[in-house]
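Using the sequences provided together with the hints, build the complete structure.
Residue numbers (our numbering), protein chains in the order written: chain A, 232 to 782; chain B, 981 to 1415.
Among the hints, a few may not be true.
Simulated crosslink set (BS3-like; lysine-lysine; CA at most 27 Å straight-line) [what the hints assert, rightly or not]:
| no. | chain 1 | residue 1 | chain 2 | residue 2 |
| --- | --- | --- | --- | --- |
| 1 | B | K1033 | A | K525 |
| 2 | A | K251 | A | K666 |
| 3 | B | K1033 | B | K985 |
| 4 | A | K518 | B | K1033 |
Here are the in silico distance ranges between beta carbons for each label pair [as the list claims (entries may be wrong)]:
| no. | chain 1 | residue 1 | chain 2 | residue 2 | range |
| --- | --- | --- | --- | --- | --- |
| 5 | B | I1228 | A | D330 | 27 to 37 Å |
| 6 | A | L747 | B | S1246 | 34 to 44 Å |
| 7 | B | A1290 | A | D330 | 48 to 58 Å |
In silico negatives: residues of chain A with every beta carbon more than 10 Å from chain B [to be verified]:
| no. | residue |
| --- | --- |
| 8 | G314 |
| 9 | D316 |
| 10 | D325 |
| 11 | D330 |
| 12 | F369 |
| 13 | I501 |
| 14 | P627 |
| 15 | G650 |
| 16 | A728 |
Simulated from the structure, these hints should not be mistaken for lab results. The beta carbon of each residue, even a glycine, is placed where N, CA and C say it ideally should be.
These are the residues of each chain, in order.
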Amino acid sequence: MILGIDIGGTHTDAVCINEKDIVATAKAVTGNDLVSSILEVVRALGIDYSAISRVVLSTTLSTNAIIEKKYAPTGMIVSAGPGIDPRHYFLTDDFYLVDGAIDHRGREYIPVRDDQVRGVAGELKGKGITGVGIVSKFSVRNSSHETMIRSLIDSDFQNISMGHAMSGSLNFHRRLNTTYFNTAVMPVQVRFVESVRKALQELGIHCTMLFLKADGGTYSSSAADRLPVETILSGPAASMMGAVALCKDSVTTTLVLDVGGTTTDIGVLIGGIPILEPKGVNIRGLKTLVRGLKVVSVGAGGDSFVHLDGDAIRVGPQRQGPPAVMGGSDPTPMDAFAVLGEFDRGDKTRAFEAVSAIAEKLGREVDAVAREIISVMVHNIKEGALDFIDEVNRHPVYTIYEMLHPELVEPKQIMVIGGPARQLKPYIEEVFGLKCIVPDHAMVANALGAALARTTAQITMLADTQLRRLVCPELGIEEEVSRMLSLEDLKRMGEEAIRKNAAYLGLKDEIEISILEEQSFNMVRGFSTTGKNLRLKIQTRPGIIHEWSPQ
Amino acid sequence: MIKAKRKTGLIFFPAYDWEITPSHPERQERLLYTQDQVMEEGLLDIEGVREFKAGLATTDDINRAHFCVPDAASRITPSHNVSAGGCIEAARLVLEGVVDNAFALVRPPGHHAMRVVHGARGFCNINIEAVMVEWVRKNYPKIKKIAIVDTDCHHGDGTQDIYWHDPNVLYISLHQDGRTLYPGSGFPEESGGPSAQGLTLNVPLPPRTSDEGMLHVMEHLILPVIHDFKPDLIINSAGQDNHYSDPITNMSFTAGGYARLNDMLSPDICVLEGGYSIEAALPYVNTGIILALAGVDYSYVKEPDLDPAAIKEDPRIIEYIKRLSDKLLEMWYDRERHKKPDRPYVERSRNIFYDTDGISENQKEVIKICNDCPGVFRVDSSASTGYYILGIHLPWGACNACREQAQEWFDYPDDNYYAVYLQDMDRDEYTVNIL
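Set out below in structure tokens:
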């Protein structure tokens, strides 16, 4: 059995599954101590712990630590060389600029100075800093400056992370942010993993522990210790993966709406797989290289504040408090549902009062106003969804082939999960003009998504046969290659590298390789071909573990 | 976090699946390192800088700027539709106010393509700036006067040809002296046709001119001329082969110099033209241009191997450039003293060589001297491919007399042409009569 736990901002959900079925679900309020919230929800499941073979956690731990700046001061040693002045990107006084520069092909043109690095390390230590991130520009082409700096300071600090290990993608500014956050949340994550492990062991759960990443894949706790930054924003990833697990049709392009209290998260599944944010996700208004799902939030949820703007009914974008029906003071879409007899909890008269206040001002029937409130909410969601799809389709392409054969994303059906999913279905079908599915277990989709997401990893392979160099930044590989290396050779080497380093990458499931990007360029110098520039991004296929095959 | 002072749109289309031949300089790899540099510097993460998808220029768009022989489909590949379409998209973004300025970093280039197209010249099949300019004039009639400042190292003889008779398009080219480089033209005497005298302004620079010389021309010639002309739209044909590392030219500009140039010029639209130092120049020059367009500090942008002392001009070069600028500025202010010739028609004959495709062409061009409009003109063109055609161009704002003349030329071909083409700008019609 697999245990999936989604620790959200307000609630912690748990779901326990075997191959075919959901065995148990439970819900608890998320408290300040996440470990006790986990224990509470696991106990509430009332299951046999000995049968659990895997625990998957989706947590807000790193996200909150970053957003609330609850982490120890973290140092950064940065080398950049010419370009945009790197000091524009320094987040605190603990960022230090040192000499060193590497060009776009990975050639060094300004060396690192040992004495300077040691001096900076001394200053950081003097400030009592124990975690340091190391970033150089173009380190994904040549990581030697980062590794050299590391070797100089290795014994001085407890936690060190290097930019090239975060991601194989180019983007110096995002690499700085990502490495900084990774280093900052490392001790938080390590402490958390330890205490959860101990708590679960006390219950008698001794099994693999995995964490959900922002991209909707999972990885082992040891990989999470090394790269905790990948767990940020796993909440939307959990709901999208829940949709994947619950969507029986993996062929039709599906728009996913996760309707919450304050917001609705919008995503899309193509071939049963959610799409990724191309450059990386943002956190605290800062851009990172963390691979994450492309999801947009619109301020329209079940508890959105309903008010009048002249004669027009407005829903959201903010939430003032709980719905009137649940003891709040302002009308919300949930109150509209209560008026229409589609929501049975709480105090229906309160809902009626809240909605009739609006109806009176407009001089209209209460029922008609209630229906319009929901219709306005769904129109807001639709507007957000159309913008989202439009943005996905506006993505630039770099080849003539793609220009002439555009693969436009066009959802043919909608899946709705979250609280008011069932009530919203007819409204969504009418407003969008598309078939709408509300799956069973839509309430625990997030925990289910976490439980079932496959372990995933991605690596970048770059070969420059003119310089005879091969690099794979994520695995720290830099080696000499043959002048005759082909793209096919590189694919084979990439696949081998993933298999060989499966444990390091945090992979547990059967490895299925898929190629995300492949490019091969002849390098022409002076009217003759002098080499090849080969580029690959390889991943293990994301999705739902094969063991899950519900009837 | 860096914030742009101006909203800048970037259309990046490296055409990673297009090349002239596998070892030609205009190759798939050309913008690869530029993309790497732009990505690594995070230029697209600057608040206010946004990347947009290229568009596709249609045959109608191409036919507003060219007589393609026998037709557009035979003379271009889809790559040209995209690179011209990328320029059009850049113009649309600026004119719709989505951005303040835009850079079409596209390939293949276009500034050697003339109005008549029998094949490729200087790696160019169609003139992507001209296709864009004509699209702008059709869709935004309020844009009357346009200035194109061509900073490619090679004289933009194609753009010069297309706007030779156009009094509303100022074409300024800054390039390595034609006595020392392809295409061997672009001298001060080439100053525009009888209806557009002085509106072609050629600035041939001596080999080894570096930033100081170029920026002198900008400050003391180009900016005063632009200020005087008062264009509604400024376009920079941003070729990057004046760079000291370019393998096929002999100039000494730097990335910092290019950035400063764009900072001074403040173009509405930049279009990439040539530039074949794909590793040592393009990544840095393009970074500099994008930062300058966005109004972001570019003072730290610098090539790894830059040695300013080694590429500094000889003082004699600066002296020469100062005299040239003064002379050209005087020519500019004197241009209105030139009266239109007192003859009904003016004729010129030329031989044109298409180096990329190995075609030679003979042209006879006749323009009607008209006091009411820029004047209709016709081009008799025969090429070594065997095609002999007549192209008739009825300009924007053509008068009735010119319109009648165009119709007469079109209806009664006076030679054994393969086909007669009529380009009617105001009516946006392109008519072909295959004989």
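Quiz item: Among the hints numbered above, which are violated by the structure, and what are their numbers in rising order?
Solution: 7, 8, 9, 12 and 14
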